[in-house]
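Based on the sequences and whatever the hints tell you, model everything.
2 protein chains.
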Amino acid sequence: MSDKVKVVIDAMGGDNAPAAIVKGAYDAAKEYGERAKLLLVGPEAVVKSELAKYEGSDSLDIEIVNATEVIDCNESPTKAIKGKKDSSIVVGMNLIKEGKADAMVSAGSTGALLVGGQLLVKRIRGINRTPLAPVLPTINGVTLLCDSGANMDAKPEWLVQYAKMGSIYMEKVVGIKKPRVALVNVGLEEEKGNQLIKETYPLLKECKDINFIGFVEAREIPYGACDVVVADAFVGNVIIKLYEGTAGALLKIIKESIMSTTKGKIGGALIKSNLKSVKKLFDTSEYGGAPFLGLNGLVVKTHGNSGSGEIKSAVRQCITFNEQNISKIIKENVADASLNAPAES
Amino acid sequence: MSDKVKVVIDAMGGDNAPAAIVKGAYDAAKEYGERAKLLLVGPEAVVKSELAKYEGSDSLDIEIVNATEVIDCNESPTKAIKGKKDSSIVVGMNLIKEGKADAMVSAGSTGALLVGGQLLVKRIRGINRTPLAPVLPTINGVTLLCDSGANMDAKPEWLVQYAKMGSIYMEKVVGIKKPRVALVNVGLEEEKGNQLIKETYPLLKECKDINFIGFVEAREIPYGACDVVVADAFVGNVIIKLYEGTAGALLKIIKESIMSTTKGKIGGALIKSNLKSVKKLFDTSEYGGAPFLGLNGLVVKTHGNSGSGEIKSAVRQCITFNEQNISKIIKENVADASLNAPAES
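Sequence lines, in order, name chains D and G. Position 187, counted from 1, in the first sequence is what the working numbering calls 190; the numbers after and before it change by one each time, with no gaps. Position 332, counted from 1, in the second sequence is what the working numbering calls 335; the numbers after and before it change by one each time, with no gaps.
Do not rely on the hints blindly, as some may be mistaken.
Identical copies carry no separate label here, and so any pair may be met within one copy or between two of them.
Calculated cross-link-like contacts (lysine-lysine; reagent style DSBU-like; alpha-carbon spacing at most 35 Å) [said to hold, decoys possible]: (1) Lys158 with Lys331; (2) Lys258 with Lys175; (3) Lys275 with Lys88; (4) Lys87 with Lys195; (5) Lys100 with Lys87; (6) Lys85 with Lys201; (7) Lys88 with Lys201; (8) Lys334 with Lys195; (9) Lys279 with Lys258; (10) Lys208 with Lys87; (11) Lys334 with Lys282; (12) Lys195 with Lys82; (13) Lys258 with Lys211; (14) Lys201 with Lys334; (15) Lys268 with Lys282.
Hints were generated in silico from the structure; no laboratory data involved.
Here's what the structure looks like:
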């Protein structure tokens, strides 16, 4: 029992909570019950009655932990984390803080998860910032984006840590050998870029422990040019949102164009399933959740409109993360190295 | 004769020079000869023999201006502009400087055009920086992106000028009434963003002369959420390149998916023309060229792989720009206003 991974699930996070979240927890417990114990956090009565809908749920390794409040996506993150002590996010994170859990999955407010991560779960000593690192689909696989929007106005040494943590994650959790790490820039020549890029590049070039392949232009990301995309949070946020927006808009006008002619309508009916699978491939919510890297424990943020499938994937992610000892590897290879390095700002 | 717009065309710029460029000049002269005189700049003998291929070209209002050197895309822009005095870009820009031309079209090195614009054509006094402002396709029209990659490490007052110049351009050249101007951010709430955004937002809010609608998230740009997208050059460059990359990658996997099944192949044949028109719609090179806004004269950069159609569109753009007195409007409404404002950094 004791070597099972203990995963908190925020039953009240996201647009489809609690129904889809509880269903996801049930599915995860059924499939991964040998490896994980789930702690479902939310208003006890509500969660209990949701869970009771599923056959055999009482025999699964799920514990309900009561939390009476919910943090809304529109609330100020810092105020919410400090004020709502009995919210599912705060209660869940305190379980990690107290050593009663290893990881947490939530489809709730990204801001609250970021702030809660810093204040409650806390960064590994020596880690400057914890990037939110979603996996993006490419035409031949996936790539990890660090940081997709957590820490504005990045410093060069933050990006260096993102690169190292991202590389570890892609290797150990996603299973890519010697992940190709690249820094987003406006061109491939060394003299190009803004101040941040110019200061970061030489530092990354010196990193012996990652497979740094240099710059990547945004155009090449969807073609799978690298396995880890390093960017400051503002640029990373633009990347993930434009990925979603461009793909969505393009599929919409393809559909409209096809439906505008009779020939198109017939053809469209024949390729419907193809388009559907492509849409699924480019849907960034299809790949479980995005971890905040560098915390004392794992916090995984899933898409706001997560269904049960994503919650289940995120639980699997937490299990792998923990079984692979990622936090320990990050501590030893990234955090301690920074602490022992000559003074950094 | 004298009130015709005088447009320089760089015969040697881009992948398809000189053939496609000269063809574009010929087409433009045929269609817009009443409104424009074209100055085709390049090695005289080469340009002459290219032009002679087209029937009646000698009766068109095209003047060949000799320039023996060519600036390559891989050259250092500043070195090239300073060193190659007889290159088509330098000779062409000097024509504007000396008042012998009003505008210039080139598919050549963006960097050289930027540097040449600053050093030879020069900024309007009071304009801080000249953004490269391409038009991006959206599902229901186009939007102007300022800056797509010209001036790194922007300051708030630069972005304010981009917003104003972009608004003028969209209104007068593209014909959009009261263009909706938006600032790219990671969210819609006022407290979100990096330092640059937080400092720029209140300045834009105070601008009475533009229709500033607040923040736009990258996700909404392809859906036509605004008419002018304001971003610093790094973010703008990521936007235009990811637009291209995501659309290209998506169409590629749609094609592959369709071709992988027999049913798909039949359907694919029926919707081929639909897909083609969508591809054209999302091809950022379909919309003429991108102006550098705020110079004493117009410099239009067209895509590196420009064909004759783009050159012709860009000539039309130059004619409208000039006939609408855009430089004068920018001078009076943006530059002079900045000069008269209380001290800015």
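- Query: Which holds for Lys268 with Lys282 at a C-alpha limit of 35 Å: within a copy, between copies, both or neither?
  - Reply: Both: 18 Å inside a chain and 18 Å across chains, each within 35 Å.
- Item | Homomeric proximity label, Lys258 with Lys211: Cα distance no greater than 35 Å | neither (48 Å within a copy, 40 Å between copies)
- Could you place Lys158 and Lys331 in one of the four classes (within, between, both, neither) given a Cα distance threshold of 35 Å? within (24 Å within a copy, 41 Å between copies)
- Between the shortest in-copy and the shortest cross-copy C-alpha distance, which are at most 35 Å for Lys279 and Lys258: within, between, both, or neither? both (11 Å within a copy, 13 Å between copies)
- Homo-oligomer pair classification [Lys82, Lys195; C-alpha up to 35 Å]: between (40 Å within a copy, 15 Å between copies)
- Between the shortest in-copy and the shortest cross-copy C-alpha distance, which are at most 35 Å for Lys87 and Lys195: within, between, both, or neither? So Lys87 and Lys195 pass the 35 Å test across copies only (22 Å; inside, 46 Å).
- Using 35 Å as the alpha carbon limit, work out where Lys258 and Lys175 are close: within a copy, between copies, both or neither. between (39 Å within a copy, 33 Å between copies)
- Query: 35 Å Cα cut-off: does Lys88 pair with Lys201 within a copy, between copies, both or neither?
  - Reply: Intra 43 Å, inter 30 Å, cutoff 35 Å: inter-copy only.
- Query: Which holds for Lys208 with Lys87 at a C-alpha limit of 35 Å: within a copy, between copies, both or neither?
  - Reply: between (44 Å within a copy, 34 Å between copies)
- Check Lys334 against Lys195 for me: Cα-Cα at most 35 Å, and say if that holds within a copy, between copies, both or neither. For Lys334 and Lys195, the Cα distance is within 35 Å both inside one copy (33 Å) and across copies (30 Å).
- Item | Intra- versus inter-subunit Cα pairing at 35 Å for Lys275 with Lys88 | neither (48 Å within a copy, 58 Å between copies)
- Using 35 Å as the alpha-carbon threshold, which applies to Lys334 and Lys282: within, between, both, or neither? Answer is neither: 38 Å inside a copy and 47 Å across each miss the 35 Å cutoff.
The structure does not agree with the numbered hints 3, 11 and 13 stated previously, though it agrees with the rest.
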